[in-house]
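Student: Spelled out from the first residue to the last, the chains are:
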Amino acid sequence: MSTLLVWREKLQRIYALYSIYIQKGLQFVTGLVLFWVINSNIGFMKPASSVFCTLGLAVICTFLPMTITVLAATALILAHFYALSLPIALVALVIFILMYIFYFRFTPKKAWLVLISGLAFSLKIPFVIPIAFGLLGSPVWIVPASCGIITYYMTDYVKVSAAALKEADASGIAANLMSFTKQVLASKEMWLMVMAVTIGILVVNFVRTRGVDHSWKIASAAGAAVTVVVSAAGNIVLSTNISYIEIILSAVLGAVTGLVLELLFFSVDYSRTENIQFEDDEYYYYVKAVPKVGVAVPEKKVKRITENQPQETTVIREDADLNNINTENDADDILLTRSLSKELGLEKQRPE
Amino acid sequence: MDFGKYIGGREDVMLDKRKIRLMTRAAIYEKNYGEEDFKISSYYKKDYSSLNTWVTLIWITVGYGLAVAVLFLGWGEAAMEGITLAKLFVFAAVAIGAYVSLLIAYGIGAGSFYKNKHIKAKQRVKKYLRDLSRIEKINNKKEIN
Chain U
1 MSTLLVWREK LQRIYALYSI YIQKGLQFVT GLVLFWVINS NIGFMKPASS
51 VFCTLGLAVI CTFLPMTITV LAATALILAH FYALSLPIAL VALVIFILMY
101 IFYFRFTPKK AWLVLISGLA FSLKIPFVIP IAFGLLGSPV WIVPASCGII
151 TYYMTDYVKV SAAALKEADA SGIAANLMSF TKQVLASKEM WLMVMAVTIG
201 ILVVNFVRTR GVDHSWKIAS AAGAAVTVVV SAAGNIVLST NISYIEIILS
251 AVLGAVTGLV LELLFFSVDY SRTENIQFED DEYYYYVKAV PKVGVAVPEK
301 KVKRITENQP QETTVIREDA DLNNINTEND ADDILLTRSL SKELGLEKQR
351 PE
Chain A
1001 MDFGKYIGGR EDVMLDKRKI RLMTRAAIYE KNYGEEDFKI SSYYKKDYSS
1051 LNTWVTLIWI TVGYGLAVAV LFLGWGEAAM EGITLAKLFV FAAVAIGAYV
1101 SLLIAYGIGA GSFYKNKHIK AKQRVKKYLR DLSRIEKINN KKEIN
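If you're matching them up, the sequences are chains U and A in order.
First residue of the first sequence: 1, per this note's numbering; consecutive thereafter.
First residue of the second sequence: 1001, per this note's numbering; consecutive thereafter.
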């Protein structure tokens, strides 16, 4: 565990040093995967689905806010739909406008959550979403998650029924339009997934906000179990074709994601929990204080030998020492030494 | 003079840590919130909240119209089969009821949302102005010295 914590500290340090490059790198990768997924699934407009366009959009979006990536993805989807059929593009546009009116007007900065949700479904790991959103967000995140699911199923339906939707005559267009609207809005599988993700987010968020020990781990496990049960039960009752392997694997991956998120964002030591009780004129207070676990990255000692006098200086290296402490034993030794020096008052004061 | 709060090796390049902190905080604020917050805080809370609530209600009306149109596109033909006057009244009542409920829900929600937004923006602007006045005081003190 201590090795993991040391690694976390190292990651934090690396992030602090290169945050701008890491953020832009992540943004580029997200954009690239997103545009590649869209183009490879519904690439009806040939120029827009070229590698040049995919890469170009990803590069441009890297230097702009995430909201622009969302808009670019929306525009790309509409362009492909337009190449297939104008009425389909219009219905899709109306659905996107509805999403904007009813939710994204209020929190445009959270629009990227739709991308994450849609991407997770495209990559066949849907149940990572309820666990990640439930742990890091609030129940309101159900809305962007649902919008992402609706967008995914809309594009999936168009992908599957592309040949049928590309009807030329007027009566065919009208019939296709009605069928598209019906299929998109009444897809059993889509609503089942919306239901599973919604219940998953609510359960994970509810458990995570309780004052029980290991609430993040319990929340992740509960979220994984609930999503599996809901989707499997719905699959049987509604006779949908969701793969059970996909359900189970994505739930397991979701639980693992939950553990990683806990390590990154919520490292506490439950063994040192303090339960305190006190009162004032109006209330009795029952406070549970759980200390955070913080491990400093091991320091490297540099011995300076000068002509006058040998000096020993403690230096915190910013990059080169990151490869030094790899084994659990090393980390444990350093932690032990530190706690002992602290207790005995031997810790040297770090030079400014 | 308290040299503990200064950094830098030579006397002529001594930097005031406190001033750097304040200026960094002010710059971060300007970058992330500044423009929007100044715009919001130029309104009174009630004006800002009610103006945006009205705008939201207009958007909701447009959105509701679009949603009904899409639903009608999908199920309109089936609904219109064998329609009677009584059925039509029921449909109209349901549609109006849903619209009014949506307006009430969003009206209340938007009112509270924009009020909170205004309060938070005001608080941030206040903090920012306080930082600016502290920076000014440090500058003035330096000039006197």
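Among the hints, a few may not be true.
Here are some of the chain U residues that sit facing chain A, going by a computed Cβ distance under 10 Å [to be verified]:
#1 Val37
#2 Ala221
#3 Ser239
#4 Ile242
Below, computed lysine-lysine pairings styled on PhoX-like, alpha-carbon distance capped at 20 Å [as the list claims (entries may be wrong)]:
#5 A:Lys1142 <-> A:Lys1126
#6 A:Lys1031 <-> A:Lys1046
#7 A:Lys1115 <-> U:Lys109
#8 A:Lys1031 <-> U:Lys110
#9 A:Lys1019 <-> U:Lys24
#10 A:Lys1142 <-> A:Lys1031
#11 U:Lys110 <-> A:Lys1127
#12 A:Lys1117 <-> U:Lys109
#13 U:Lys110 <-> A:Lys1019
#14 A:Lys1046 <-> U:Lys109
#15 U:Lys109 <-> A:Lys1017
#16 A:Lys1031 <-> U:Lys109
#17 A:Lys1046 <-> A:Lys1137
The hints are simulated quantities; they were obtained by calculation from the structure and are not laboratory data.
Where a beta carbon is used, it is the ideal one built from N, C-alpha and C, also for glycine.
Student: All the hints need checking, so say for each whether the structure fits it.
Tutor: Comparing the hints with the structure gives:
no. : hint                    : result
1   : Val37                   : 25 Å, violated
2   : Ala221                  : 33 Å, violated
3   : Ser239                  : 21 Å, violated
4   : Ile242                  : 23 Å, violated
5   : A:Lys1142 <-> A:Lys1126 : 25 Å, violated
6   : A:Lys1031 <-> A:Lys1046 : 27 Å, violated
7   : A:Lys1115 <-> U:Lys109  : 19 Å, holds
8   : A:Lys1031 <-> U:Lys110  : 18 Å, holds
9   : A:Lys1019 <-> U:Lys24   : 30 Å, violated
10  : A:Lys1142 <-> A:Lys1031 : 27 Å, violated
11  : U:Lys110 <-> A:Lys1127  : 25 Å, violated
12  : A:Lys1117 <-> U:Lys109  : 14 Å, holds
13  : U:Lys110 <-> A:Lys1019  : 34 Å, violated
14  : A:Lys1046 <-> U:Lys109  : 25 Å, violated
15  : U:Lys109 <-> A:Lys1017  : 33 Å, violated
16  : A:Lys1031 <-> U:Lys109  : 15 Å, holds
17  : A:Lys1046 <-> A:Lys1137 : 34 Å, violated
The structure fails to meet hints 1, 2, 3, 4, 5, 6, 9, 10, 11, 13, 14, 15 and 17 from the earlier list, while all remaining hints are met.
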